[in-house]
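Peer 1: So you can see what is in the structure, the chains are spelled out below.
Number of protein chains: 4
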Amino acid sequence: MLIVMKPHAGPAEVEAVVEKIRALGLTPHAIPGAQRVAIGITGNKGAVDPGPFAAMPGVADCIRVSQPFKLVSREVKEEDTVIDVGGVRLGGPALVVMAGPCSVESKDQILEAAHGVKRLGATFLRGGAFKPRTSPYEFQGLGEEGLKLLSLAREQTGLKVVTEVMDADDLSMCAEYADVLQVGARNMQNFSLLKKLGASGKPILLKRGPAATLREFLMAAEYLVAHGNYRVALCERGIRTFETMTRNTLDLNAVPVLKALSHLPVVVDPSHGIGLRRHVPAMARAGIAAGADAILVEVHPRPEAALSDGQQSLSLGEFGELMGQVRIIAGALGRPLA
Amino acid sequence: MLIVMKPHAGPAEVEAVVEKIRALGLTPHAIPGAQRVAIGITGNKGAVDPGPFAAMPGVADCIRVSQPFKLVSREVKEEDTVIDVGGVRLGGPALVVMAGPCSVESKDQILEAAHGVKRLGATFLRGGAFKPRTSPYEFQGLGEEGLKLLSLAREQTGLKVVTEVMDADDLSMCAEYADVLQVGARNMQNFSLLKKLGASGKPILLKRGPAATLREFLMAAEYLVAHGNYRVALCERGIRTFETMTRNTLDLNAVPVLKALSHLPVVVDPSHGIGLRRHVPAMARAGIAAGADAILVEVHPRPEAALSDGQQSLSLGEFGELMGQVRIIAGALGRPLA
Amino acid sequence: MLIVMKPHAGPAEVEAVVEKIRALGLTPHAIPGAQRVAIGITGNKGAVDPGPFAAMPGVADCIRVSQPFKLVSREVKEEDTVIDVGGVRLGGPALVVMAGPCSVESKDQILEAAHGVKRLGATFLRGGAFKPRTSPYEFQGLGEEGLKLLSLAREQTGLKVVTEVMDADDLSMCAEYADVLQVGARNMQNFSLLKKLGASGKPILLKRGPAATLREFLMAAEYLVAHGNYRVALCERGIRTFETMTRNTLDLNAVPVLKALSHLPVVVDPSHGIGLRRHVPAMARAGIAAGADAILVEVHPRPEAALSDGQQSLSLGEFGELMGQVRIIAGALGRPLA
Amino acid sequence: MLIVMKPHAGPAEVEAVVEKIRALGLTPHAIPGAQRVAIGITGNKGAVDPGPFAAMPGVADCIRVSQPFKLVSREVKEEDTVIDVGGVRLGGPALVVMAGPCSVESKDQILEAAHGVKRLGATFLRGGAFKPRTSPYEFQGLGEEGLKLLSLAREQTGLKVVTEVMDADDLSMCAEYADVLQVGARNMQNFSLLKKLGASGKPILLKRGPAATLREFLMAAEYLVAHGNYRVALCERGIRTFETMTRNTLDLNAVPVLKALSHLPVVVDPSHGIGLRRHVPAMARAGIAAGADAILVEVHPRPEAALSDGQQSLSLGEFGELMGQVRIIAGALGRPLA
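Residue numbers (our numbering), protein chains in the order written: chain A, 1 to 338; chain B, 1 to 338; chain C, 1 to 338; chain D, 1 to 338.
FYI, nobody ran anything at the bench for these hints, they're computed from the structure. Mixed in with the good hints, there may be bad ones.
Since the list gives no way to pick one copy over another, a pair counts as held whenever it fits inside one copy or between any two copies.
Taking lysine-lysine pairs in the DSS-like style, the calculated list, with each CA pair at most 25 Å apart, reads [stated by the list, open to error]:
(1) 107 / 20
(2) 77 / 6
(3) 195 / 70
(4) 70 / 6
(5) 6 / 20
(6) 77 / 195
(7) 202 / 77
(8) 118 / 148
If you're wondering where the values come from, they're calculated on a predicted model, not measured in any experiment.
Isolated chain A, as found in the complex (with noise of 0.2 Å):
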């Protein structure tokens, strides 16, 4: 923290903020410059609260200087965390590819698709039960009878299950049927179901909040590490811009930033990303370019009659051809897939 008193703070201002520095048990360092004094902050663990200091007279500005996130940070941990679920690991070296639809509908659509993208190459089978609309009068998911499709599903096929879990009533019922539970974009910051999420242990995919500044991302995934679960994987999946071509923006310059900042592993969504099914597969494509350990791709027996998210969903041929650029840009990468 870096506190910076106006050009005409007077000797008694500066001395005040040098006192509430030391009163907090910190260490002040006052820098005079020709215009204004600026005093640095030493002694904290974490980041310091500007609040205190902004409200008092003469103080121009509050500037942070360290990073309020930590478990997260490879500065705590340099090397790449791996989730391995059920032998697939995520994380490492090898690509891992999640499909699925948006929404499970019935038992034909879930097990047609599961099938389908096994076949071609997932191995993790993603689709809602529990779906965030916009309005109170679209689709609103299954629920536990969708849960129990997707079980089905992963008996038939072996692949592993992510599901959203929008609500901390159904955190237990989502976790017997799951081997990841999903926070969707709109949840990122809804704190409780955070720390609920942090304590149950399960493996999460956190989604970006479509607004959301990479430190804010980074401090939700702190909130899920600071509760005592490690097993935490990022997923970008397009922020909001002022573009309206397409349904979000999808934000590549994530990936390598997160990486670089933390240990934890990086999914890439190009379905809701771009939200455009034309464009899913060069999406996909730079999304490994990037850097990506994994991508989740919205895939649908018939896109046309899909009751969420159509748009944006390949169907199983279209999987198949991009799973063929997959192989090729890993392969040119050096990463198998999982």
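Based on the hints, put chains B, C and D in the right spot on chain A.
Peer 2: Frame of chain A, contents of chains B, C and D only:
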């Protein structure tokens, strides 16, 4: 909904879309242009889901024509909703002032704040017992102890109490101690929480998410109303923009637009909105001039000692000055104070 | 400038930064923390360029401490700048009203508009002769013919004329016919144009770019002042946000922040700001309440026949009603009309 | 264009809109819905201006159905535009690499950079002689002296030269020394400059504005083409988002969307895009995987001594490593290097 076909879409592709519309029980209206065909849809109640059409061959775009919100709209209910909270009427001719600290910190602090803002003209006391913080290492609120202190302040002053509920598990406890339950900005699209609050019947202060469009904000309110609760106030509290000199950007455009589209009361929070104490009065004045039904202001007996948000809290002296300005602006607009 | 070193930066890396600072004639202040070293820099005039440091080994971050603008800041000139335009004073105690059509379309149109707004209380006439349009196929303005019509309107009414200059080649021509030259939002960072306008000595109305931060806005004004022109007014005209129901989002937070940081007058344009005729009055009122020195309002004798921006232009009748409200709000704040 | 009437618009209001459409020589198609009437418009060439309709009584909304760009679109010209620059073909099967320093600083610097990037596989040399800087106090470029040095580097290496033109007054001088003229991001909507560059006939590298939508970007290109110049390349160079850890956010979604909508070549600039040297290679790889026709990379012989943008410039050694990766990714996609 208007389905726009690609320039070279053939008659069979157009016909397939027309058939699909009919299969959904709706009426298609084909408009053959020089370059492309567009197909209007009528006969729907509520918004048509673009999903099934977007994935069909030959379809270029699905354009929403109607707004997706219904119960919160003036088209459904033309007259203003007035929420009566124990005799204080929010949404009527009188301007309501809500004030108090960001967090409840101690008995002395909350009682001093409550008596102070009461004396200066506020009718609502705000204060958080459960605090959503971006960092797991920051002060998380006093919990039930905080609720009890708010309740005590209410007994002593007669102020109505508004406080945030972060977790559905705390809903009944919060409802017992508070008059109005607040949904925080980060929970605006926590649909599980919205459904339960909708069913609670308690007056709700719904804060706009920092990156939410007005349509999304109204759809979140629609969740509350569709689950049975018409006593909802919409609170603009600043959106995220590129500006870094202020904490948020208070969006006063929201005030006339929301008042025109919806019958619900509109509250403005200049404290979170701009986030800098010295500029809170200007934004409070502007919010009233734009047509807000209430303002929500952070006031702390000793801002420099606040455990959260000290940089945006007014002292009681500053709040007193602000109230003088509030009376002048409200008076000029013909609005008494509630 | 504060240089923050990486946690594991070695003494040699720290020393190299210290040496570089000395080599630039500045003074380094090393602050050794528990986890990392930070190095403050003093002795600079104006902002230190982070470039040379950012690329050095061991450097984690370069944090700007001072604002980069100087001549436009209150730190350099404390008292308000008042721009006298032929006797009308912009930036003083009196509120200035500027009104007129988006584009000059014909002699009848501009004269009817000018006489109308004059009668209702405006002291400035706005109108574009050169129009920046996103499409090359849209009306581009009447050019010099438009300037002559503005000049004629000025002769007949005594109104001062403000008009946009898009191209340095037209500068002397525009300067001949107009009293104040406007820099459009899209040209806010057209530095070549700013330098030439700075040298012109004419009063300038500088519009904020739709995605510009306030720092960038003030730096654009700094270009004008640094090239010799202190007669600069800052105009907030709406920023781009995620909202699609309004054309732009008028950012009234800019008003108190700019007034605090700079001595230059601040103008608010509610017409472009919200872009919807029915909501212009609410935003004009709010702009005045926030502390604007002037408002700039689009008025057209027949908005439904306007060649540009008809959806945001007030009719003369609507402008008359607005002026009634303006007088009430300005009066409540103790400001007469200029 | 689709005109949506308000729910309670009367027959006379609908009829007035219908008449206005006919008066413009276009064909109205009324679609009577249960709640409201919508009126489609056909018979137009290019986009219909919403202005005249938006201000009419009873009109709720004017919805654009067609894209406003024409000459740059694939609907008008289906095959890829290939720009031949002295034998190097941009937009064809081969991937083009453009590299060099941000600014031309000295003869030694530019010659060392040029020979270095040539040896490592680039075919274009980039370098600025006129620099747009946010501060008037920062290095503004060497001007004509810089152009002469670029020309000298071209003679010695055979590299093609791309450089920015900031001011129409410098156009003929820049055109004399350079092969491709760059329009900087901040000038993307400097329509005066675009018109003159359109008339120049020189190949243009048009950079996307940091807050421009893809539609606006294509409309800026439309200005160039509509004024006679089809030799235009579109350059994605990072957009502004809420992220502060990176300089900009490289938007790779733009690549497949622009390639689908337009026949013009697409260039990706990972250096400005992410703005951090260590992450440039990841974004360059991702840009190629997304389908870019060229990459534009900042390379400086001594980044730590650069007068501008040192933090994002690669050294020649780093550029050599990147070229190894570029060859692998381009090869995997079946693209040779130009």
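Peer 1: Next step is simple, just say for each hint if it's right about the structure.
Peer 2: Hint check results:
no.: 1; hint: 107 / 20; verdict: between (64 Å within a copy, 24 Å between copies)
no.: 2; hint: 77 / 6; verdict: between (39 Å within a copy, 15 Å between copies)
no.: 3; hint: 195 / 70; verdict: within (17 Å within a copy, 35 Å between copies)
no.: 4; hint: 70 / 6; verdict: between (31 Å within a copy, 15 Å between copies)
no.: 5; hint: 6 / 20; verdict: within (17 Å within a copy, 27 Å between copies)
no.: 6; hint: 77 / 195; verdict: within (21 Å within a copy, 40 Å between copies)
no.: 7; hint: 202 / 77; verdict: within (20 Å within a copy, 46 Å between copies)
no.: 8; hint: 118 / 148; verdict: within (19 Å within a copy, 55 Å between copies)
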